[in-house]
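**Q** Each chain, written out:
Protein chains: 2
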Amino acid sequence: MPNWNAIEGSLATPKGFRAAAAAAGIKKAPGALDLALVVCDEPRASAAGVFTTNRAAAAPVLLCRQNMKKNRGRARAIIANSGNANACTGRAGFAVAEQTGKAVARLLGVQPHEVIVSSTGVIGTPLNLGLILKQLPTLKEILSAESAPEVPRALMTTDSFPKSAVLQSKIGGRTVTLAGVAKGAGMIHPNMATMLSYITTDAAVAPALLQKTLRAAVDASFNRITVDGDTSTSDTLLLCATGQAAHRRVSDAGDPLLKGFRAALEDLLIDLAQQVVRDGEGAQKFVTITIGGAASARAARRIGLAIANSPLVKTAIAGQDPNWGRIVMAVGKAGEKADRDRLAIRIGGLEVARDGQVVPGYDEAPVARHMTGRDIEIEVDVGVGRGRATVWTCDLTHGYIDINADYRS
Amino acid sequence: MPNWNAIEGSLATPKGFRAAAAAAGIKKAPGALDLALVVCDEPRASAAGVFTTNRAAAAPVLLCRQNMKKNRGRARAIIANSGNANACTGRAGFAVAEQTGKAVARLLGVQPHEVIVSSTGVIGTPLNLGLILKQLPTLKEILSAESAPEVPRALMTTDSFPKSAVLQSKIGGRTVTLAGVAKGAGMIHPNMATMLSYITTDAAVAPALLQKTLRAAVDASFNRITVDGDTSTSDTLLLCATGQAAHRRVSDAGDPLLKGFRAALEDLLIDLAQQVVRDGEGAQKFVTITIGGAASARAARRIGLAIANSPLVKTAIAGQDPNWGRIVMAVGKAGEKADRDRLAIRIGGLEVARDGQVVPGYDEAPVARHMTGRDIEIEVDVGVGRGRATVWTCDLTHGYIDINADYRS
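Sequence order for the protein chains is L and Y.
Taking the working numbering, I'd label the letters of the first sequence as residues 1 to 409.
Taking the working numbering, I'd label the letters of the second sequence as residues 410 to 818.
Derived from the structure by calculation, the hints contain no laboratory data.
Glycine included, C-beta positions come from ideal geometry on N, C-alpha and C.
Some hints here could point you the wrong way.
Claimed, not checked - Simulated DEER-style distance windows between Cβ atoms: (1) 297(L) <-> 508(Y): 51 to 61 Å; (2) 750(Y) <-> 359(L): 35 to 45 Å; (3) 372(L) <-> 511(Y): 23 to 33 Å; (4) 414(Y) <-> 128(L): 52 to 62 Å; (5) 368(L) <-> 520(Y): 43 to 53 Å; (6) 511(Y) <-> 284(L): 46 to 56 Å; (7) 579(Y) <-> 368(L): 32 to 42 Å; (8) 29(L) <-> 751(Y): 33 to 43 Å; (9) 372(L) <-> 751(Y): 47 to 57 Å; (10) 786(Y) <-> 284(L): 49 to 59 Å; (11) 414(Y) <-> 368(L): 32 to 42 Å.
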C-alpha cells in the first residue's frame, strides 16, 4: 500500500510555489501555450536536477549544468519553452539561453544561476529571444494557482495530453505535497532524465541528500522507460523543495523521515514516466516487461530494455501477435547472461515458454486475446540468478512513422 | 579501381563446388524453395566462419561453432533451410540440427563435423527433421551448376529478392573466382555476421589465415550495415576455399598474394551486405553514412551506427525531410567524443551545418531534392580527430511495420 494519496492540483499546490503559462508565439499555432514560468518563493529551498547523457546536449542543458554547480542546490525559478529546443544552435544558442536566464533573474530579483532554463521542440533553428522576453512581465503578473495547471500544456510538443500528478503524504506528522509535470512522447530512452519534468514539493530535505534521493528515484522510474531508444539532447528533470511543510528538516540518508519522502517521490516519478510511455508517439499499447532470474538487477534492467527497444518486439505487439521468439532474440541481443535452455516466458500471466522452448500443449488463443488489450504484460525469467527489474514501453506503430516522417514544428 | 571483374555465376562457379536447392515443404507456400545444399568436392579445402553474437543463438549456430572447432578449418558441405529458424526449440532443436548434419555427412561420405547446418525463418516452432531428410537424396542427385543459381532463392524469408555476387580476380597469375550468396532483410544489426551468407572460392588460403582474413572483411562489410538494430539468433557466414585455382598457397599474412584476395573478398562482402540493406524490410531508400573527424575509426563506426539505428533519423529519411537536428541527436547519443561546436554535416554533398549550427544563408531546397532520391548520402564531421568510417542503412517506413506486425511464416 502506498503511503500517499493522489490529489487534484498543480506545481503550485505544494507550499511556496507559483507558476504560470503563456503563448509567446514560438509555436506556429496561434495562441498555443509555449512558455512556462515556475517560481519558488522560499529563499532556503533545496534543488536537485538530472540532465541528458546525450553528448550533443542542447544549450539550455549546458547552462543548467553550470548553474546547478554554482547554486549549490538552490534554485528559485524555472523558465521553459516548447516549439524550439535551442539545440544545435552553436554559441549563439547558448547566449540566448543565458540571456533568458538573466532576464528571469532580474524579473524576480534572484541570482542568474538560480534560474533553470529549458527548451524543447525542433532542433537546429535559432530560438527567438525577443518572443520570450516580451512575455516575461505578463507571466510574472499571472503567476498564480489559477494559471499553474496550464504549465504542462505549455511544455507539449508531439505530446497528445499534458502530463502531471500530485500526491500528499505524511512526513514527521506533517502533510507534505509533491507535484510533478512532464513532457515527452518521442526521443525517449533512459539516460538519466529522458524528457522535461519539474517536481515541486514542500518537503524539507537538504540539497545534497535531495540530489541523491532524486537520482535514485529517476533510476527507478524515468530510467526504466523507452519509446524509441533515441535520447533527447534536452532532457532535464528538476526538483525543488521549499521545506514549508515544516517537518523536521532531513539531511541524513539514515533519517527515518526520508523513507516516506523517497517512496512518495519514486511513486510520483513512476506515475509521470508511465504517462510519457502511454503517450509514446503512435503508441496503441502500454507494455510492462518484468525480468527475473538475471545475474543482477542491472543485468535484468538491460535485458528488459533490450526487449523494450527491439523494433521487432514492438511491431509484434502492434500486430497483437504473441511472437515470443522475438522476445528470446532480444534477450540474447542484450549481451547479459541468460540460460537459453532455462528461459521461461509469460505473456498476460500465461505460460508460453519454459526450458527454452514452447510449453507442451501450448494454446495460443488466450495469449492472443491478451495481446488485443491496451495493457500488455510480459514476464521473462532468464534462469541464471535472482536479479529482477521492471521496465515500461509502448508498441511501434504506423502512427510513429506518421508523426516522425513529417514532424517539424 | 577494383582488381576484379563482376561476372555471372553461382556458388558453383569457383572450381570444386556443386550446389542445389529444393522445395522441402518447410515453407507454407507450396513448391517454395526452402532447402539448399552446397558441396565442396576438394578434401583439402579451407573453411572459415563467423556466427551471431546473440546470446540466445539458435541450435544450428551452436552446432556450427562446435563443428568449426572440431574440423580445424575444413568444411565440406552446407545444408541450409528457410521457413523455420530452429531457434528457441530447446535441446530437441539441437538434436534436429545434429541429425541433419549427420544425414548430410552420410549422404556425401564426409565427417559430421565437416557439415555446416543453418536454419532461418520463424523462431520457436519445432523444425520437422523428416521434411529435410526426405529431400536429401534428390538434392544430391541435382547437385549441379544448373541448380546452383537457385540457392539464394531457397534462403529467402522476408527477402524480396535473392542476393548473390560473383567476381573474378588474378592472384599469382591465376584466375581466382569468388562467389557469394546472402539472405536477410530484418533483424539486421552488425554483430559479427548478421544474416546467412555463404562464400565459395577456388583461392588457396590456409585455414587460420582464411579465418583472420574473413573476420577483417566482415568487419568492413556486414558489420557496417543495419536495418533495424535487432540481432538475429541465427547469423552465419561461411567461406570455403578449395585452392583449385592452383596459385601458390597463401598461409602467411605478409604474403603479397593475400592482398588481392583480401580486396576481392572485402568487395564481394560489401556488395552482398549492401544488397541486404537495399532489401531492408520496407526500405525505400539506401543510405550511406560517412563519419569523419572522430577520435578513432572505431568511434567513427559507433557514431555512424548510432545515426543508422536511430528511428528518428530513419523516419525523417522516409519522410524525405533533411532534419539534420536528429543526426546531431544521434551523434550525441553514441557516447563517443564529438565537438558540439565544430560539428559539420553534409547531405547529398551539400553543406547543411558547420560549427554546430546551420550554415549561413542555408537553402533547404536542393537538400530536400536530394532527399527525394533513392540513394541518400550523409556525411558528418565530428571535429575531434581523424577517425573515419562508412556504414549503410535504410529508412524506416510503414512497410517495416506492415511486414513485422504480421510476419509469421
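**Q** Provide an ascending list of the numbers of those earlier hints which the structure does not satisfy.
**A** 1, 2, 3, 7, 10 and 11
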